[in-house]
Structure formats: structure tokens, C-alpha cells
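Listed in order, the protein sequences are those of chains A and B. Residue numbering for the first sequence follows our numbering, beginning at 1 and increasing consecutively. Residue numbering for the second sequence follows our numbering, beginning at 1001 and increasing consecutively.
Please note that a few of the clues may not be correct.
Not everything, but these chain A residues come out facing chain B in the computed CB check (under 10 Å) [what the hints assert, rightly or not]:
| # | residue |
| --- | --- |
| 1 | V27 |
| 2 | V33 |
| 3 | S56 |
No wet-lab data here; the hints were simulated from the structure. Cβ atoms here follow ideal geometry from the backbone N, Cα and C, with glycine treated the same way.
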Amino acid sequence: MAIRTTASRQLSQRAAFGLLSVSAILVVVPVIVIILLFVINGSGAISWEFLTQDPSQAGKAGGIFPAIVGTFFLMLGTIVFALPLGVMAGIYLTEYAKENWLTRSINLAIVNLAGVPSIVYGLFGLGVFVMLFNFGMSLLSASLTLACQALAMTVTTSREAILSVPKEYREGSLAIGVTRWQTIRHLVLPQALPGIITGAVLAMSRAAGETAPILIVGAAFLLPGLPQSPFDQFMALPYHLYTVAAHVPGMPKSTIWGVALVLLAVVLSFNILATIIRLKARRRRLNA
Amino acid sequence: MFGQRVSLAIAEADPQKGLKRRWRLGERFIEGWIFLAGLLTVVILLGIIILLVKEGVPIFFHTSPWEFFFGTKWYPVSDPPTFGIMPFFVATLWVTIVATAMAVPIGIGCAAYLSEVASSKVRETLKPIIELLAGIPSVVMGFIGLMLLSPLVQSAFNLNTGLCGLSAGIMLALMSLPIIVSVSEDALQAVPDEFRQASYALGATKWETIRHVCIPGAFSGITAAVMLGVGRAIGETMTVLMIAGGALAVPVSPTDPMMPMTAAIASGIGNAVRGGLQYQALFAIGLILFIITLTVNLISDKVLERQKRKFAR
């Protein structure tokens, strides 16, 4: 390396740190700008009527109540399938699985499922739930499709949460003659609960914002009422936003911003809720 | 005396034996379900592969693989229909290149800043904001691109329309940043502190330490981060569907309107007759997409494993 003076080395350090902080700013500022713009532009459209009425005039007037309800149904439907299965898979991987090819392939599958594009999940849902199982374009098909997508996340978070329970707890319990399942049920799971719930809430937040799969397996733009059964089609906020933003000409701008703000609020509030649960659990563990 | 007590105990235990066995049976039942749930992820992954192959591969009886991959004309409803996916493939390539070119330097810079330069207070403030970015749904990002970015791109580059690969690529860059930042930062944090201290002891400045010790030490982790970001950009659907422009010609520049593979599936599947040729062709695109992202994921997973082992003691 060429010999350089201390001053020039200091200078290049300052320049480099400047660049690094600029890149941090480039990541953070857009987020703040986006959120501010949403609040400024969207809050004008938000009113009690907007949140509680059915849409009229092809979505140009009225409210978005069915889309909000549809999204909540969808979040619920997703987590009903993805959470129990995810927790059970997490238990299997931490408490039962041996170090063998099967476990390795399960772990490999989890990693890869997390990276499968959402549109491919949509194709999978169309082929399996809509057509093979004959659930049709419906809330049920969409919930199952999103649950498949969420599974990688609920398994991973449950596994991490269960792994973080100290081994001594299990050994103590097994030593006094409690069976393995009882130990898991009464000792390990309660300890792991905050972590598991954090993952579930995050998965719900993601399900609320997912658009591409439900576009394929059952979301509709305008429907006369709320879905009456899991086999009905449904409206959902992200699909509604996509349609009013990209496909309906002459849409009032404030309405589009309003839909987008409501969607963002639902998704981010669940995100923040997950963070709060995580922080609370961590604090409790530190105090204990 | 003692023997009597033992036999008494055995006699007492006996009636419980049946109960115990029933209880054990219940546990076996639950444990069986747990095992099946554990298998589920593998089943879904295999299911995806089987379905994509079953629905997608038959298109090659109509269109030869060569025509399919290198054909430049996608006319699914003309007679006879032609299915060439070159326009979609090139479009995916363009938006991914734009996104990667922007997100990689910024992402690594941001990770280095957070991990090595920023005070812990700054870091604790910035990290939740970056996590927030990861939480914004892709349709919202598409909407922002539609409303804010594409008019800017249009006037800045004097284009006929701001709905083009460049706008989509910029939005994708923003969307792949969180994963690049967080995985790179983890990799930098994993470099042992002794390395830094040794470097300072040799008289290196902090920047020289970052440049010549930390970043090389975290190199494989950063590579994995970049690959995960690329995978995210390739698989993203709504953003490119809304702002890439949707043109069917092979794009020659990033400022052309274009339709990446994901957008082609999303916009075509609604009109495709189930089991028809277009339907098969779209599933075949899905299969290609799946293979690409699977490869990217497998490699980045391997690289991450290696990074983890590197400093493990």
C-alpha cells in the first residue's frame, strides 16, 4: 500500500463516512416521505361514511366497508390455517426431529418456500384449491393460498421461539417423569408464546397486503354485499387499491389515496403491534 | 415383608396400566399430527413443483422450447397463437438490473453505516424505519410509483410515458433494500471485534478497517444479501404490473414500457381458458420463475451457511 499522510487518510475516512450516511439517508427518507404523503393526501378522504358504507358508482363514491371486512376475513382465514400448522411444525423441528435427511429437507423446503414469488403461490392456489379441491374462486381458496405462503414464516418464528426456551426447563420436567408432550404443552409452549404470537401477527400483516395471489384465486372488485360463506368471492383492500389506481378511469384522486391509506394503516398497525409484543416479551425476560 | 410390599405396589399399579396406555395413545396421536405438520412444508414445495410441471410443460407439445424461450411474439389469442416469452424475460432482466444497480451500493453502504459508524441510538431509531419499509405492501409501492415516481421519471428523461422499466426498477430497488440492509448488517456484526481491534492496533483508521477488514470478512454474507434482494426483485408482481408499462415488444432500453414475467402471469391468467394453451404457457412462465428464484435462494442459503461457519467458534 502506498504511504499516505495521516491527514489524507482522515480526509478519505470523512468522505467515506459521508457516503455511507448518505446511503442510510437514501433508505430512510423515502419511507418517511411515503408515510407523510399518505397521511396528508389520504386523510382528506377518510370519513366515517368512507369506512362504513358500501361503494357506489363503480367505486367512485360511497365507502370501502366490504373491502375492509373482506381483508379482515382473509387475515383471519390465513392465520386459522397457518398458525396451528406452523406451531406444530415448529414443535416437530425443535422437539422431535432427528439430525437426518428428512429434517434437512424440511429446513430446505422452509427456506425455499419463503422465496417463492407470490404470483407462483397464486398459480398453486388456482391449480390446487380452486380447481383440484373445487373450492372455486372464494374466500376459502384465497385463505388457504395465503396460508401456504405464510407457513414458512409461522414455522420459522415458532421454531425460533421454541428454541429460545432454555433446555434446563425440559430436562427438569422430563426428570420428574412428565412425558415429552406434557412438557411441551405445559412448559415449553407457554414460554414460547410471545414469539409465536409475534410471528402470527406479522404473517397476518403480510396477508392483509398481499395482492397478486388473491387476484388469481378469488378477489372481486365490486360485490353487492359481504361474503356470506367461505365459498363466496370477496372484496379486499389491496385488490381494491390495485383496481381503482390502475383500472378505473376518472377515479377521484382522494378516493384512491383514501383506500391506500386505510390499507397501509391496517398493515402497518399489525406490524407495529408485532414489534410491541416482541419488545414487551424481551423486557419481561430481562427482568425475570 | 419387603417382597409383599413390592407385589402390593405392582398390584396397585396394574389397574393404572390401562389408563397410562390410553394416555400414551393420545400422545402418540398428537405426536403423529405434529410429524405430519412438520412434513407439510415439503409437501407444499413438492406440490408447487408438480402442479407447475403438470400444467406448464404441456405447452411444449404446441410450441417448441426454442420458440417458447427465444420467440419474440406473444399473441395468445391470434390464430394460430404464438407464445414467445423473450419480451417478458428481457423485461424481467431490465427491471432487475436497474433495481440491483441501485439497491446494492446503497444497501451495503447503509448496512456498513448502521453496523460500524452509527451510534447505538441512531441505529435503534433507523432500524425500525427500515423494517417499516419492508412491511409496506407491494401494491402500495406500485401505487406510489404510479402517482409520484412515474411523472418524475417521465419529465426527467423526457419520455412519452413514465410507466416504464426504469420506474419499476427504482421502486423494486426500494423494496429490496430492507432485506439487503438487514442481512448485510447481520453479516458485518458477525465479524469478531478482535479483528477490528487488531486492525486499529496496526494503526488503521476506522474507514480502512471497514474497507479492508469488515467488508471482506462479511463478504459471503453480503453476497447472500444481494442475492436475496435480486430474488425479491425478480419475483415481485404488483409493482411491475402497475408501473412497468405492460408493452409486449422486446424492450431495448430500460426506459421502454415493458412487461416482466410476473406481470405477464398476473395480467393474462384472468382471461386464459383453464387448461387452454395460454393457461399452459402462463404456468410454464411460472415454472421458469420458480426455477430462477429457487436457484437464487439455494445459492444464497449455501453462502449464508458458509458465512455462519466462518466465525463460529
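Practice item. Would you pick out the hints that fail for this structure and give their numbers low to high? Key: 3
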